[in-house]
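*Asks:* For the record, the sequence lines run as chains A and B. Taking our numbering, the leading residue of the first sequence gets 440, the next gets one more, and so forth. Taking our numbering, the leading residue of the second sequence gets 794, the next gets one more, and so forth.
FYI, nobody ran anything at the bench for these hints, they're computed from the structure. Keep in mind it's a predicted model, so treat the numbers as computed, not measured. One or more hints might be untrue.
Derived pair list, reagent style SDA-like, types lysine to any residue, alpha-carbon separation capped at 25 Å [stated by the list, open to error]: (1) B:Lys930 <-> B:Glu1001; (2) B:Lys1089 <-> A:Asp854; (3) B:Lys878 <-> B:Pro978; (4) B:Lys1089 <-> B:Ser1029; (5) B:Lys1052 <-> A:Arg871; (6) B:Lys1095 <-> B:Pro978; (7) B:Lys1052 <-> A:Pro781; (8) A:Lys870 <-> B:Arg1058; (9) B:Lys1087 <-> A:Lys870; (10) B:Lys1011 <-> A:Arg871; (11) B:Lys1026 <-> B:Ala803.
Just the calculated beta-carbon pair ranges, DEER-fashion [to be verified]: (12) B:Pro938 <-> A:Asn836: 54 to 64 Å; (13) A:Ala466 <-> B:Glu927: 20 to 30 Å; (14) A:Ser828 <-> B:Ser1029: 53 to 63 Å; (15) A:Thr758 <-> B:Asp1120: 43 to 53 Å; (16) A:Asp868 <-> B:Glu927: 49 to 59 Å.
Short derived list, chain B residues pointing at chain A, Cβ under 10 Å [unchecked claim]: (17) Phe910; (18) Glu926; (19) Glu982; (20) Arg1058; (21) Gly1074; (22) Val1075; (23) Gln1078; (24) Ala1092; (25) Trp1093; (26) Lys1095; (27) Arg1107; (28) Glu1112; (29) Glu1126; (30) Lys1141; (31) Val1146.
Idealized CB from N, CA, C, for every residue including glycine.
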Amino acid sequence: MSLQIPHHQKANGNTGATKAVILVGGASRGTRFRPLSLDVPKPLFDVAGHPIIWHCLTAISKVPSIHEVYLIGYYEEHVFRDFIKDSSSEFPDLSIKYLREYQALGTAGGLYHFRDAILKGRPENIFVLNSDVCCSFPLNEMLQLTQERRAEAVILGTRVSEDAASNFGCIVSDSHTRRVLHYVEKPESYISNLINCGVYLFRADVLFPSIRTAIQRRADRPRLGSYRSSENLASSYMFDEEDTQKNEVIRLEQDILGEMADTNLFFVYETKDFWRQIKTAGSAIPANALYLQKAQQSGSSELAAPSANIKAPVFIHPTANVHPTAVLGPNVSIGPRVTIGPGVRIKESIVLEDAEVKHDACILYSIIGWGSRVGAWARVEGTPTPVTSHNTSIIKNGVKVQAITILGKECGVGDEVRVQNCICLPFKDLKRDVSNEVIM
Amino acid sequence: MILHQIEALAAAGVTDIVLAVNYRPEIMEKYLAQVRDRYLPPLNTPKPRLYHTNPYFEIQYEEEFGINITISIESEPLGTAGPLKLAEEVLRKDDTPFFVLNSDVTCDYPFKELAAFHKSHGDEGTIVVTKVEEPSKYGVVVHKPGHPTKIDRFVEKPVEFVGNRINAGMYILNTSVLDRIELRPTSIEQETFPAMVKDGQLHSFDLEGFWMDVGQPKDFLTGTCLYLSSLAKKQSKLLTPTTEPFVYGGNVLIDPSAKIGKNCRIGPNVTIGPDVVVGDGVRLQRCVLLSGSKVKDHAWVKSTIVGWNSVVGRWARLENVTVLGDDVTISDEVYVNGGSVLPHKTIKANVDVPAIIM
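All chains, please: the whole structure from these sequences, using the hints.
*Replies:* Right under this line is the structure:
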């Protein structure tokens, strides 16, 4: 389906015409991914047997014109070292570099800060991917749309239910030409159910001038709400410094896309494929399911062979030890050196490395943290959320609780103990039944 | 449960038993047929024969030797005394006294001692009493001043302490008591006994050991535990020996016709009825599996009554006084917390909070 693209690219005579940027954020972000982000930076958390950003890289590697990928974020330098080393050998055609922001500059601010590195080699187009989305990343299709429409920017969009739409960036587009007419980030009222997937393709000669314009605009006209009434003048001095800092944070969603809809040839590529945000720790479960299903559909050899006790798709790391009488799947990932005992049942769950699950235990809609131990006949259980839902919390008896049960690193669940709809922070031992709690 | 009473009565030399039923007599009839087939042969009781006697006694089982069991069916509820009048013909076969038992009471049945005591005082009736910690919830028996057994009055739910002996729901009465009862809905506790007390004809007999009213499922489970404990204390041969690898904590009673899978952990306080099938890796504690039920592989069952012919799915978890009626199906991996499930239902989703499922 995408075989036309490289040909098209080559016809244009571009070399190194496209680069990709993955926005990975930083340790002070991703708080909603706790308790899992306490031990591993969210972009490196394993879903379907691989780090979240590995799935982004895999999609990028399928675009023949991309040879350079930058991870931009404000994690410490060493965080991505091993991942980049491993990925460089797995994707030999890609040069992968981590560019560290020393303070959070915002999604557009970070791009602008590293503009010299990104523009080196004069790329024509730049993909920008948020690392916290899970989708099929139809990058070649977006590139094709750019060529067809001579677009200056293309955004990946998807349809969600009307009541969910206002939690996202909303796109109003011309249904025929697919041109973006209007863009609003998290509107208060309903505008459109076509939302921003957090994946963009920009013409390099349009992106950076747009960000520069936004920075200029910010400097000329400080953000709304910073005008003070006379009674607050006394304290205004206190806020000046903070405001200056805030002004340096320039975000694609709030500060750039709306303007582009007004002034540029900005188009939307609407994906009919799956799409989910990976915000809360619980959202790793639907992401795991979707990536496993994708691997299954593409006939990936990584997945465990289906059988009476393996309900596909299931990923089992080669170093894991799964007893033949255990029944796994669908949508289960078993990490390195995990031990699964006889008669265990695991469904719609992730079991992270070095965890141990004893005989006859049952794990449903849950994440079992690194090195955690689940006792015999224990039951660790979350609640399924509707396939179309973008929410990972549910209302139970009038109280909002997390749908997915999560055990942090090195937790213990006693024999025969039941844990339902709980978030359990690292190193906790659960000796009695618990439900609908955060265990700290 | 009724079988324990029948066995205890037979052991005390009782020859005729009347089961007074006002709810679905065919269930009792079917049950007795199963009892006959399953339990009585080893107890040396021959096959019963069916025949009709009079309008009140529709079905009668007569054993060639041992005991006669009669089912007395009330066409309308007759209270707790009326059914005795209905069974007058059997009870007056001779003028020896007769026992009256509430079927939802379990205890160490002291019938021999009770009969001897009744004979010794020579009055019309004796009721078995048990000491309880909180007498304010029950009707309390008060003795005549200076008399250890003769009853002076009953105080219903006393506000201040007047005594801690309560009616245990078991009596031995002379046939003359039948003269005090009319054939109409009437209560033995409210009408017959007060009249006997007035005439100084009613005594109490203290029950030793455990006593439990098991009318509620929760009490039924506790009563089962008490009964199993008492079997264990007597080192009864009925209990499955703790040397069996799957028995955990003892007090496990398994019918010989039940099948138990591999790697199970069963006990303490588990009763498994005839033709029950327990799969591999099943964990059972404090529960009763009634005849023909099936608990599939890796299920976990605690404080639960699994009804006749019910099926519990793989990795299902039942607890907190869950009661399954006849022919209930619990799907694989489902959790039920304190659910009362009516007969013939299939449960496919979790029951997180106690509820009646109709």
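*Asks:* Could you work out which of the previously given hints the structure breaks and list their numbers from low to high?
*Replies:* Structure breaks hints 4, 5, 6, 9, 13, 16, 17, 18, 19 and 30.
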